[in-house]
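Given these sequences and hints, build the entire structure.
Protein chains in written order, with this note's numbering: chain A, 1 to 200; chain B, 1 to 370.
Hint data in this document are derived by calculation from the structure and do not stem from the laboratory. One or more hints might be untrue.
[To be verified] Listed next, the in silico BS3-like pairs over lysine-lysine satisfying Cα-Cα at most 30 angstroms (straight line): (1) K19(A) / K108(B); (2) K78(A) / K159(A); (3) K100(B) / K59(B); (4) K138(B) / K59(B); (5) K138(B) / K19(A); (6) K108(B) / K59(B).
[To be verified] Here are some of the chain A residues that sit facing chain B, going by a computed Cβ distance under 7 angstroms: (7) P115; (8) P121; (9) L157.
[Stated by the list, open to error] Sample of chain A residues lacking proximity to chain B, with all beta carbon distances greater than 12 angstroms (derived): (10) K19; (11) R37; (12) V149.
For every residue, glycine included, the Cβ atom is placed at its ideal position computed from N, Cα and C.
Spelled out from the first residue to the last, the chains are:
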Amino acid sequence: MRTRRIVSLLARLPGVGEKTAQRYLLFLATADPAIARDLGLELAQLSEHVRPCERCGNLAETENAGVGAICEICSDAKRDASLLCVVGRVHDLIAIERSGAMRGRYFVLGRLLSPLEGVGPEDLPIGALVDRIREDGVTEIILATPPSVDGEATALLLKRDLAELGVRMSRIASGVPHGGDLEFADPITMGRAFFGRQNM
Amino acid sequence: MHALVAQTLQVRALRNLSAVDLEPGPRFNVISGDNGHGKTSLLEALYLVATTRSFRTSKLGELAPTGAPGATTSVRARIDDGISVHEQSVGLLGARRSVKFDGVRPAKLAQYASATPVVVFSPSELGLSMGPGSERRKLLDRVALYSGLGALEASESFSRASRERQRALETRGISARDLPQWEALIVQHGLGLMHARAASAERLAAAATAAFEGIAAPGLSAAFVYAPSAPTGAEAYLRALESMRTRDLARGSASVGPHRDDLAVTLGQIAARHVASQGQHRAIVLSLKIAEIDVVSRARQARPILLLDDVSSELDRSRTSALFALLGEQEGQVFLTTTRPELLDADWRGHASSATRRDFVIEGGVIRAR
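Okay, here's the thing in structure tokens:
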């Protein structure tokens, strides 16, 4: 059955359950047919034209299938090539970009250190990161892995492994959220906020 | 001091309780019924909606309804905390747990779990004095949670880092390159947890020592002291982990650390485990529970909800009477289960007026007013 197949495909998307998938199908089947057709065409070509950036792992678009893709950030000459921000996932890169606080470039690890999930130090792209640092003449690295146990361990490992390169390294601060109440901050976050306080 | 009061309790598909709607009274609620009819499950439901956990098991999957797998377990309660009334709910489907506070998912589980302090006293609590350290560690962590000492976050991070280290040891051996990172994080969060437990133990110890004097034979005194397993200095703790990798690999977990902490109980300077009689063990347990109520009440400026599961079967007559005397004096909502309400009536006399008591009978998972 065609409809059932489409529903089960849609339900594989993150955050989409059986009911939502059903709603999507009903919409696509009854609304303007152009919507379904355009969506289908785009999706069919997605893997050819949208791929991980060869340099940083961010999503990159390319018109020529088969040729390596470079993302907008890596090809932007106005970006400071000597400043590199290391993140765990593309989602984190997008969140940092939204803040407008980062004027350098990125390196996406794609995973965090976690033996429980089968990720050891050898499974992290540390060699590619070192190459990138050397090739681009990076002088400062910002470790922006998440403030979770796995994210912290990854940052600590990178700190040790990259130490011999002699570049400046910093870790993003963790603190109390903007617009939040101090009383609801957990003690670990509050402790970090105090430890990472700044002069004013 | 005001008291936390559950105004309504709605239970769906939890163990043998298919649908229970209860409107408890603000003081004593006596639930009677034969064994296996759902008395303890009702207390468990209340505990679950207040804390997101069960006091009977660490596996929430066991709360699934008997005979109807796949059904969603849900518990909802309207709680008056003395300042305002709010609604808490917990839903369980398989291993998934969803919690809502006034209809909204809380940002942090600790925020939800500490909102409505509950103190439970069930037969298994006798392990507090006679059993292994796990029950006493849980007591320290509960008190830390309700006192806002932040043990929950530290405990979760500590246990994650510990499991990561153990897996690294198992898969790549004692020279695995990432062990120093996991060990650094174990120490960081382990020390945070130990700090919270030390503060929690200090508060409990004073109250429990005082309570013991009131219960036990004259001249006998008990002391309660936090006994951390790991060194309390970061450097020493880190060195201990590093030097014990081979042993930890063999035994399947770290040889030292907060997961092996204890609250040492001594009677006249000798470990209670070795010298205490059955009666003394019961007095120790009762003292710790009274201390827990006291410390949580003071930390929150509110009386916690008390869940007493068949206590008269475990405590002897005079201690049950001492407990009821105390409960009669204190404010607060109490839920009591018993197989023999008539025995309870005798203990009750003189401690609480019948006007403050509401009686329920539970039979085959169905509850009605007595």
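Run the distance test for K78(A) versus K159(A): straight-line Cα separation, threshold 30 angstroms.
holds, 27 angstroms
Check your understanding: Given P121(A) was flagged as interface, is its beta-carbon under 7 angstroms from a beta-carbon of chain B?
Key -> Holds: closest Cβ of chain B sits about 5 angstroms from P121(A), inside 7 angstroms.
Whether R37(A) stays farther than 12 angstroms from all C-beta atoms of chain B, as the label says
Non-interface label on R37(A) holds, nearest chain B Cβ at 37 angstroms vs cutoff 12 angstroms.
Practice task
Quick one: work out the minimum CB distance from V149(A) to chain B and report holds if it exceeds 12 angstroms, violated otherwise.
Solution key: violated, 4 angstroms
Legend entry - Hint check: 7 angstroms Cβ-Cβ cutoff, L157(A) to chain B: Check passed: Cβ of L157(A) comes within 5 angstroms of chain B, closer than 7 angstroms.
Status of the stated non-contact between K19(A) and chain B (beta carbon gap over 12 angstroms)
At about 15 angstroms from chain B, K19(A) clears the 12 angstroms cut-off, so the statement holds.
task: Below or equal to 30 angstroms on CA atoms is what counts here, so check K19(A) against K108(B).
output: holds, 28 angstroms
**Report entry** Agreement of K138(B) and K59(B) with the hint, judged by alpha carbon distance not exceeding 30 angstroms
**Finding:** holds, 15 angstroms
### Message
Check the hint pairing K108(B) with K59(B) against an upper bound of 30 angstroms on the C-alpha distance.
### Response
Roughly 21 angstroms between the alpha carbons, so the hint for K108(B) and K59(B) holds.
| request: Could you grab the alpha-carbon distance between K138(B) and K19(A) and see if it respects the 30 angstroms cut-off? | output: violated, 41 angstroms
- Task: Answer holds if the nearest beta-carbon of chain B is closer than 7 angstroms to that of P115(A); otherwise answer violated.
- Result: holds, 4 angstroms
- Query: Are the Cα atoms of K100(B) and K59(B) separated by 30 angstroms or less?
  - Reply: holds, 20 angstroms
In this structure, the earlier hints numbered 5 and 12 are contradicted, and the remaining ones agree with it.
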